[in-house]
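Enquirer: The chain contents come next:
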Amino acid sequence: MKLAWRDIGVGLLAPATLVLVWHFVTYHGWVNPQALPSPEAVARKWVEYLLPLQPYDGNGHWLSWAFSGELIQDAMGSMFRVLVGFALGAGLALPLGLAMGASAHAYRLFNVLVQIIRPVPPIAYIPLSMLWFGLGNPPAIFLISLGAFFPVLINTIAGVRQVDGIYLRAARNLGASGPTMFLRVILPAAVPSILAGVRIGIGTAFIVVIVAEMVAVNNGLGFRISEAREYFWSDKIIAGMITIGLLGLAIDVAMDRLNNYLLRWHRGLES
Amino acid sequence: MSAAHIEVKGVSKVFGTSVVALQDINLEIPRGQFVCLLGPSGCGKSTLLNAIAGFAPPSSGSIIADGKPVAEPGPERGMVFQEYALFPWMTVADNVAFGLEIKGMPKAQIDATVERLLKTLSLQDFRNRFPKDLSGGMRQRVAIARVLALDSPIMLMDEPFGALDALTRRNLQDELLRIWSELKKTIIFVTHSIEEAIYLADRIVVMTYRPGTVKRDILVDMPRLRDPSAPEFNALKRELGQLVMEEQQRHHNDELRAAAVD
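Just so you know, the protein sequences line up as chains A and B, in that order. Going by the working numbering, the letters in the first sequence line up with residues 442 to 712, in that order. Going by the working numbering, the letters in the second sequence line up with residues -16 to 245, in that order.
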């Protein structure tokens, strides 16, 4: 535990230096504060953005008051879209990937289509998604699920196809076939690769949610920073961006924990 | 039906168009015999074992095990691999239990069998470990327990101790002999170690390098546990060494020729 705190301390060194340089540059007035406000201004804005607008008036539950700040509402909106979109995209990619990985027939059937659609970035679907789904959550969730779909699909296919033949031989020798072979041998052997895909997929979903909110939704972190631009609130833009970064970090830490748990059997994770 | 437990009849195996890995192999292995297939790498001993296991059917000829023609791999011919081939996502106990679950054995019975086997192979304390946390010797113990769980009368072993250090190796050899004498299984054991073959086997089948044929088929008539420093052990070692070296030389010449062509 002691070591973990030390690691965190070392990890904070570079961000702290960056903030220090930022402070230095703005303190001496070397840049226009409209373009780059001081870290203190951003921090003030961030707290203001975080806290509820009015003091607690006794109406309703105090928890719902505590979470009524704009930042928390935005962050929850963005996270909701990421989670729903990701679950949808990954939920469709996983079975298709397993089928394409396990069956040469399914692979031949779908591979060309996948390879044609995959290079089209999800951002390119924005016009079409708005034509199809209008504004609000539906187009955003569509775009996010698209962004999560392909990384999970490609890694699942690769994971299943690259299962070490020795495991298959050993399992056949023990009498495994059909569903047992698939669920107890092929699937677990493919999990490291699938999880790598999930991680990339979540990352992509996070990028896409911000873009989608900038164009199609009227709340969420992406919407808020693009709204702030219209009023030249650069402090709020940066406060929003820092929030996006922190959320991304939190997701990554959570994914890391999940990885370590699910892959506790995996070589190279002894530490 | 003949008395042989495993019968290899006129087995040949050709890879591609020209590599004759096995040529007209005939072997009759009686029940309970411990047979070592010995030869340099490339002599087709593993190919023969894989054919008996059912992984790679021969190009011609037939293999009959326990009265039935071998068509595909199965738990009636349990195999121990050189690379251990444990499932890394399963604990030691789960690895041993897997074959029994496939068989559909009731849970309580599986637990009892696994417990017994873990004890037989001194693995009780490693029950809940994953294979990555075990040494090579321990992993191979798990692999042996996994095959013993199948309770098959035939056990196939493909250079199972090849990657282990000398002490661990001797230790496992002794353990294998103890298990074999208790359970009376028919064992086919592939090795390129002459000493290992003499230490373990009732019978040593020396194979030739391409095409793979039976060069010599020797019964080892020495009481166990055998003393590797005994004169008759050394005499046999010298004799077999001569035979294996001839084949090794052919292998070597072949490689030189292939390099010259490049």
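A couple of the hints might just be wrong.
Beta-carbon label-pair distances, calculated as ranges [unchecked claim]:
(1) Pro496/A to Arg110/B: 56 to 62 Å
(2) Lys220/B to Leu624/A: 46 to 52 Å
(3) Ser118/B to Arg698/A: 47 to 53 Å
(4) Leu624/A to Met205/B: 53 to 59 Å
(5) Gln603/A to Met228/B: 50 to 56 Å
(6) Ile513/A to Ala146/B: 55 to 61 Å
In case anyone wonders, no lab produced these hints; they're calculated from the structure. Beta carbons are placed, not taken as given, at the ideal position from N, Cα and C, and that holds for glycine.
Enquirer: Are the hints correct? Go through all of them and say.
Expert: Here's how the hints hold up against the structure:
Distance hint check for Pro496/A and Arg110/B: the Cβ-Cβ separation is about 59 Å, which falls inside the suggested range of 56 to 62 Å. Roughly 49 Å separates the CB atoms of Lys220/B and Leu624/A, a value that falls within the hinted 46 to 52 Å. Ser118/B and Arg698/A have their C-beta atoms about 29 Å apart, which leaves the hinted 47 to 53 Å range violated. With their beta carbons about 48 Å apart, Leu624/A and Met205/B fall outside the hinted range of 53 to 59 Å.
Range check, Gln603/A to Met228/B: Cβ separation about 40 Å, and the 50 to 56 Å hint is violated. Judged by the Cβ atoms, the range 55 to 61 Å given for Ile513/A and Ala146/B holds: they are separated by roughly 57 Å.
Consistency note: the structure conflicts with the earlier hints numbered 3, 4, 5.
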